[in-house]
Every structure is written in structure tokens, then in C-alpha cells.
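Residue numbers (the working numbering), protein chains in the order written: chain A, 32 to 144; chain B, 2 to 117.
Be a bit skeptical, because a hint or two may be false.
Just so you have them, the derived chain B footprint on chain A, three or more residues with Cβ under 8 Å [unchecked claim]: (1) 67 to 76; (2) 114 to 128.
Derived list of chain A stretches under chain B, where covered just means 3 residues or more per stretch with a C-beta under 8 Å from a C-beta of chain B [to be verified]: (3) 54 to 64; (4) 133 to 144.
Worth flagging that the hints you see were computed from the coordinates, not collected in a lab.
Treat the numbers as computed from the prediction; the structure is a model and nothing was measured.
Beta carbons: idealized from backbone N, C-alpha and C, even for Gly.
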Amino acid sequence: SQQGEEDPQALSIQEGENATMNCSYKTSINNLQWYRQNSGRGLVHLILIRSNEREKHSGRLRVTLDTSKKSSSLLITASRAADTASYFCATDARETSGSRLTFGEGTQLTVNP
Amino acid sequence: DTGVSQDPRHKITKRGQNVTFRCDPISEHNRLYWYRQTLGQGPEFLTYFQNEAQLEKSRLLSDRFSAERPKGSFSTLEIQRTEQGDSAMYLCASSLSIAGGNNEQFFGPGTRLTVL
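Let the sequences and hints guide you as you build the complete structure.
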């Protein structure tokens, strides 16, 4: 079963608005990663945040991590139509370090032009 | 193109047939992973290799599934006696495992399997 859970499952916004997606997980982690997937395609790595980090930025992306709540959020600022995709969080669990990533079910983001 | 490649991109087969997929990882990556993804779900781990050694297999990997990475480079995933429930996207990923590394995995475009 999937460990991670994304919230919301679907999000529809207008171009220029910010999009926030949340992810919860259950075990101790080394890091948490966010991926994007365009329909029918492979996954593209967006950003990684280590367990000892609380916030990280990359361009229009901002990721936060709260290990006490076992949750993370991904913020996309000034969204564009090209940001339309599914977004997944994936955890690298401490007990399986370096092997499997455990993915959530994803948030489908639609950015309307 | 120096990314992860997978072949074929699409495969349609009849129930009961065997299928084989290939994955070519990023050349310097020593770890290779297989995941399966069904519609509307996130990828689920199947198995992974470090060099040519298969180090972990998920319980999702029934005895009809076998994966190999004979020379520590490309990998194949074979499904024998396919069932309709095997229809999914099969994703391959690779990573460079180093001390203190992050296990950042790079994914290929996937092979879409449809079992009729």
C-alpha cells in the first residue's frame, strides 16, 4: 500500500495563481522528493528535501517539511498552463535507505490559461 | 540523449502471452529500479539492482515476473503468462549510489502494457 498521501487529489487554478499541494507520510525518512508527471509520461524530479531541512526553494518551487507532523507541502508560485501535470511526493524511508521510493497517489493540477 | 530509456514504449498483448521490457539506465548509475503504475495511482516499487545484483523484490513481484541486469548495465523485466491485471505503466529509474547520497532517482518514459 502507498505510504504517502497527497492532498488535494485534484486542484484547478487560473494562470498566475499559486498552487499548494500537501503530502503526508508514515515512517521516518531520510528525505522527501517531489516529482511531476505529464499525462502518459515518465516522472521528472523537481526537488528533494532532506529530513534535517525545513524549507527549500528552486525557482518557482518552494517545499517545506515538518518531520514532527510527517508532512510536506509543495508550493508553485505564479503558475503557468505548462505546470498542468500530476505531482507526486516520494519518501526515501530510513529503514530502506537507498532503495525503494514510496510514492503517494498524487495531485492532479490543472492551470487554466 | 543521456537519460533513462525504455523499450518498447507501448505493448499490447493477449492474455497468456509473455512480454519482455528493456531499460537502459544513465550510464554511470549503479542502481536500477522497476516500478509499476496503474491509472490514477502513484508508482509502486517492484524491484531494484545494485550493479548486477538484485537486492530487493516487492511482494507485488509474483513468480510470473522476473528481472535481470546481467552485466550491471541494462535491465530486462519479463512477465510470463500475462493477465489483464498486469496492464499498467512499467517505469524504470536509475540512481548513483554513493556514501551520503540522496537516492535521487531518474525515471525513464515508461512502457505502457495493455493485456487484452
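Item to check | Enumerated hints in conflict with the structure, sorted upward | outcome: none
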